[in-house]
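Colleague: Listed below are the residues making up each chain.
2 protein chains.
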Amino acid sequence: MPVFEETGTEYRDLRILPSQALPLPRLSPRVSTSENDREVVVVGAGPSGLFLTLLLARYGITGSSLLCLDSKPDTLKAGQADGLQPRTLEVLQSLGIASEIIAEGCHMEEVAFWNPAEPTEGTNGNGPVGIKRTNFVPDVNVPARFPFEVTIHQGRIERILQENLDVYASKNTIRRSHHFIDYTVDTANHPDYPVLVNYEHELEDGTRVPGSVRTKYLVGGDGARSKVRKSMGLSLEGETSDHIWGVCDFVADTDFPDIRNRCAVHSESGSVMVIPREQIATGEYLTRLYVQVPGDVDAKADRTTTPGDEKKSSDKKKRAEVTLEYIFGQANAVFAPYKIKIREGTVPDWYAAYQIGQRMSPKFSSRTADGVDRIFIVGDACHTHSPKAGQGMNVSMMDSFNLSWKLAHSILGLTPHASENGADTVLETFEAERVDTARQLIEFDAKFSHMFSGKLNAETGLTHDEFLKVFRDGSGFTSGCGLEYKPSRLIWSPQNSDDMVVATGDPINGALTVGRRFLNVELKRYADNTTRQLHDELPSNGRYRLMVLTGSDLLEPDDQSQKALEACATIADKHPAGSIDLAIIHPLKERFEWTQIPSCVKRLAEMRTYGLAKTGDAYKIYGITKEQGAIVAIRPDGYVGALCRLSALDLVEKYFQGCLITI
Amino acid sequence: MPVFEETGTEYRDLRILPSQALPLPRLSPRVSTSENDREVVVVGAGPSGLFLTLLLARYGITGSSLLCLDSKPDTLKAGQADGLQPRTLEVLQSLGIASEIIAEGCHMEEVAFWNPAEPTEGTNGNGPVGIKRTNFVPDVNVPARFPFEVTIHQGRIERILQENLDVYASKNTIRRSHHFIDYTVDTANHPDYPVLVNYEHELEDGTRVPGSVRTKYLVGGDGARSKVRKSMGLSLEGETSDHIWGVCDFVADTDFPDIRNRCAVHSESGSVMVIPREQIATGEYLTRLYVQVPGDVDAKADRTTTPGDEKKSSDKKKRAEVTLEYIFGQANAVFAPYKIKIREGTVPDWYAAYQIGQRMSPKFSSRTADGVDRIFIVGDACHTHSPKAGQGMNVSMMDSFNLSWKLAHSILGLTPHASENGADTVLETFEAERVDTARQLIEFDAKFSHMFSGKLNAETGLTHDEFLKVFRDGSGFTSGCGLEYKPSRLIWSPQNSDDMVVATGDPINGALTVGRRFLNVELKRYADNTTRQLHDELPSNGRYRLMVLTGSDLLEPDDQSQKALEACATIADKHPAGSIDLAIIHPLKERFEWTQIPSCVKRLAEMRTYGLAKTGDAYKIYGITKEQGAIVAIRPDGYVGALCRLSALDLVEKYFQGCLITI
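Note that the protein sequences, when read in sequence, are chains A and B.
Sequential numbering from 1 applies to the first sequence in full-length UniProt numbering.
Sequential numbering from 1 applies to the second sequence in full-length UniProt numbering.
Put simply, identical chains are the same to the list, so a pair is met inside one copy or across any two.
Taking lysine-lysine and the DSS-like style, the derived pairs with C-alpha atoms no more than 25 Å apart in a straight line are: (1) K132 - K524; (2) K339 - K602; (3) K602 - K341; (4) K132 - K602; (5) K132 - K589.
Hints in this document: simulated from the structure, not taken from any laboratory.
From just these sequences and the hints, can you work out the full model?
Modeller: Quick look at the structure:
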């Protein structure tokens with residue numbers, strides 16, 4: 001029996017609880033710790049609002065700093081968004097919360113395209129009948145860590161976000177049954193917490209009790225009918241298209257052979273989209289069907305959200321005619337000769353009719369009298385569109401992902417001091433980057449959903465090949481992996497200087513490109529000889545990364561690589577501890593010892609120093625030569641901010657001076 | 001805006017909560033639902049007892065059927081076991097609870113061997129000084145789904161098991177501060193619940209309140225000093241070796257270069273083992289050191305657990321001399337010229353001294369007067385040994401894994417009717433299989449720990465190469481992946497019949513072998529074209545699997561493969577629904593339609609029908625020809641029970657008749 005002595009009892013719980021990311025350092029004072037003075041108030045606890053709240057909490061905005069108000073009494077239970085794109089999966093993985101989604105969600109690796117059968121393939125005497133499979137096409141056409149889409153109940157994703165929030169923040173961070181009313185600003189009398197948020201708390205008996213709370217920043221993640229957006233004086237602008245669709249989540253009983261694949265089915269009777277869904281508690285599998293309601297509605301009328309529109313009420317009437325019977329009647333017409341019905345003994349989860357529309361707000365932020373961007377909107381409050389390309393929840397959550405670290409850095413005093421007009425130049429990149437993304441979303445969706453709704457035949461002039469081309473070309477965008485942010489203070493164009501590097505190869509295949517996320521690569525960690533995924537090694541914890549791909553001269557004292565490593569350590573030390581992580585990749589095949597490289601590497605990056613793995617050559621994938629190497633500045637959200645030569649140390653220093661406060 | 005109708009509200013929560021495995025079917029009546037009449041009482045909530053409780057709950061033994069008594073007031077917080085072997089990881093993954101362990105635990109892929117430096121490599125004038133790295137060797141030398149060991153705090157594993165238990169069973173399934181006293185049996189007056197378990201409940205003020213509960217089955221997972229074992233009249237038997245070791249978990253500050261590797265260090269001053277551990281909440285990494293205390297102690301004295309042994313008290317005194325200072329003094333002597341200390345500002349978690357001993361109980365079960373095996377022991381209650389090979393928690397949990405489904409099947413009425421003497425012939429295989437495993441464990445550990453404690457030089461006659469050979473040869477056993485259960489009612493030797501198949505190739509590399517677990521392979525699921533890991537497709541939910549590897553004649557009507565599929569469907573239908581899952585692998589490269597194969601496949605195995613993936617040819621790995629195929633009967637724990645020709649349908653039928661009740 002051992003003689004046992006426990007010495008570190010105070011740390012015991014920390015050893016067994018789920019891991020927590022370390023918070024960012026705080027350089028700014030907390031002016032007030034009153035519950036009435038928040039640093040951020042988020043309105044809405046759907047995917048965008050809840051995700052923002054979680055990210056802020058993880059970065060260190062917790063306790064009485066953070067509040068989320070949601071009008072619903074409880075979390076969402078049915079329907080709505082269900083698709084997660086590869087980039088969203090990468091981001092969730094970078095937060096350590098993807099495993100249940102990937103293990104339990106339905107993967108979509110291929111799409112089956114079905115089209116009207118040729119006359120020779122089956123007729124009823126009056127021309128072609130029925131449908132035939134034209135081909136299978138990969139669902140994701142770009143390299144990604146998870147080369148598939150996942151479908152899973154939105155409520156389950158929200159539950160996972162909520163559970164992780166509980167690890168970082170107190171249980172009452174989210175107040176439910178709280179209806180946002182409006183906000184007012186008073187920078188003169190309340191310079192620290194100038195935004196007054198007015199709400200009503202709905203009691204169980206339906207009574208509404210008015211209340212208010214002051215905050216530094218207000219974010220509206222309150223959906224397409226956002227009241228925060230309305231208070232900002234903004235509205236969604238754009239078209240409502242002429243297509244009405246029915247949608248239903250249910251357990252299918254069918255002889256249609258591809259019911260477990262994502263399918264785009266065009267028949268003479270209309271269009272259907274099949275979205276396979278996850279296995280449920282009974283052991284059965286859900287299916288989502290999108291069924292087109294044939295016939296056009298008037299597309300000319302005004303489509304902004306202004307009320308009192310006759311056209312809208314006629315569309316509404318038409319949507320009301322979309323019953324469950326109608327959906328399945330129409331589905332069977334499209335699927336013929338195959339049959340589809342609800343499995344006996346089961347009840348569908350929900351069904352709905354909706355009209356496709358692409359609309360967006362012209363601005364996503366609002367500046368107060370003191371020159372500071374204090375009010376923001378994210379998610380459906382910024383943009384609405386069809387569900388066809390599975391983008392909704394993804395672009396919404398990525399709005400929050402973009403805003404969260406900029407807002408946290410600003411609040412925590414990590415951004416450089418404000419410009420003359422008072423605005424935070426890091427924070428103001430949120431609007432520029434996400435408005436641009438939303439515009440691409442709206443354009444792609446208009447094109448994609450129009451083609452999807454049209455019949456593919458001589459009459460409409462649409463061919464299957466054209467449809468396929470839009471689908472394939474759009475994969476960079478729809479997967480989220482091809483997103484490229486435009487040059488800014490945070491994204492340094494290579495045209496800035498000859499000392500910047502342009503990587504060799506196609507950016508979509510991994511060649512390092514400013515404005516794009518770095519692709520995951522497999523590496524071998526030097527310290528323990530274990531195989532690592534680089535995405536897991538640089539998690540989304542709000543920190544910048546200074547990643548040095550050393551040259552093959554690494555072991556030569558006083559050569560370029562060793563000089564670069566030492567200089568990068570010095571640059572990192574000029575900013576607050578915990579704001580920049582140093583990471584090193586080397587191309588050497590032979591084993592070396594810590595003593596052969598600068599000691600700053602072991603000091604700052606003992607567990608972030610990597611060699612090449614057996615599978616995949618990181619230098620080749622990233623388009624960097626092993627002779628020359630490169631220095632990569634990576635933003636906290638994983639996007640490349642600058643790509644410089646090993647000798648361009650002044651540039652690297654300048655880049656970080658533009659993003660982070662110097663100490 | 002959609003017209004929205006939610007129809008399946010009663011199922012809503014089930015869509016968003018964590019997934020639950022479906023319970024096994026129940027054919028036996030619940031005689032009593034009183035809390036005083038349990039079907040199973042487990043004593044001890046350490047890894048073996050807690051794991052058993054969780055497994056039983058997952059299989060459907062829940063509610064008032066199940067009770068676990070633990071003497072401790074709370075879960076474990078410090079020290080003890082920390083290593084999970086590849087097979088244990090596979091089993092945890094098969095329950096869907098491995099992801100946190102794999103993501104957050106420390107992976108060990110290689111072992112560094114260090115030995116005394118040669119005289120030419122460094123001297124102090126009096127001969128050799130210091131140590132040098134002899135080589136790196138892979139830590140796991142056999143194919144496994146996770147080709148590494150993981151180290152992580154035992155308390156964290158227990159927390160994960162406990163959280164999963166909470167998904168399946170009520171919160172009061174585990175009663176803490178309950179001390180098991182003894183049990184009595186009365187089959188005459190209480191034929192249904194003949195075992196009376198006596199315990200004392202310790203209140204917060206230290207008062208002990210006696211209590212008792214009746215049960216059908218009692219399992220002791222109550223550790224090396226098991227009182228359940230004592231009540232059975234059994235004791236641990238075997239040797240206590242002559243080596244004393246110190247152990248400490250702490251954050252290291254060292255220039256020893258391989259501190260993040262598992263290391264076996266032999267120096268002129270003694271031996272040290274380095275076990276790298278997981279990252280902790282501060283961002284630092286733990287290290288575990290095992291430090292040999294030089295000098296032998298008397299190994300001749302009696303080593304059974306009988307008390308009053310003078311030798312034991314002298315050993316105890318020696319162990320008491322192992323202080324924290326002693327451990328680090330000795331470590332520095334071995335590591336010289338490298339230095340190692342506790343990182344400034346940190347406190348070690350714990351330290352202890354222990355003496356290596358290999359002991360086991362001669363029996364793991366006890367039969368009551370009615371001829372039924374009703375009392376069992378698992379884990380340390382059955383066997384104790386050194387921690388050197390990282391086996392403790394693993395073999396213990398695998399005891400429970402082996403017992404759990406046999407016990408559940410017996411209780412739920414799924415096993416064939418009892419033999420003449422009343423014993424359940426399925427359940428009685430537990431003792432045979434696990435006693436044999438424990439014996440192998442004891443033998444390996446004695447050899448391994450003796451070599452580890454000895455100096456590697458001419459004096460002891462031990463060479464580094466000999467040590468390496470024991471290490472490598474032992475990998476099948478230490479990884480858990482090479483375990484082979486002996487022929488029994490559940491393991492059909494190929495010598496039984498010419499109609500059984502002997503796969504081509506080395507069993508350790510995946511060739512299907514009765515008695516061994518089937519290796520994971522990557523496959524492509526037919527229904528949705530997604531890439532799957534076979535281990536994830538056949539999770540540990542208590543069901544047998546009837547896996548048909550069809551021949552290349554699959555599409556030929558009335559040929560061997562189609563006949564086999566239809567016959568296997570009939571065999572599965574002869575046993576309770578939910579007791580056998582049909583699964584199909586086919587070798588065809590061309591696409592086919594459901595209508596080309598027997599309809600029973602879509603009916604019973606729509607989501608368990610697979611083709612070959614791009615990486616790895618399942619037939620080749622499993623050593624089965626594509627021309628002939630094979631039928632594999634797989635036990636609920638993933639071990640191959642029988643391997644038959646496609647034509648040997650009578651044999652397959654007979655196999656399942658021997659394991660499962662026929663309906």
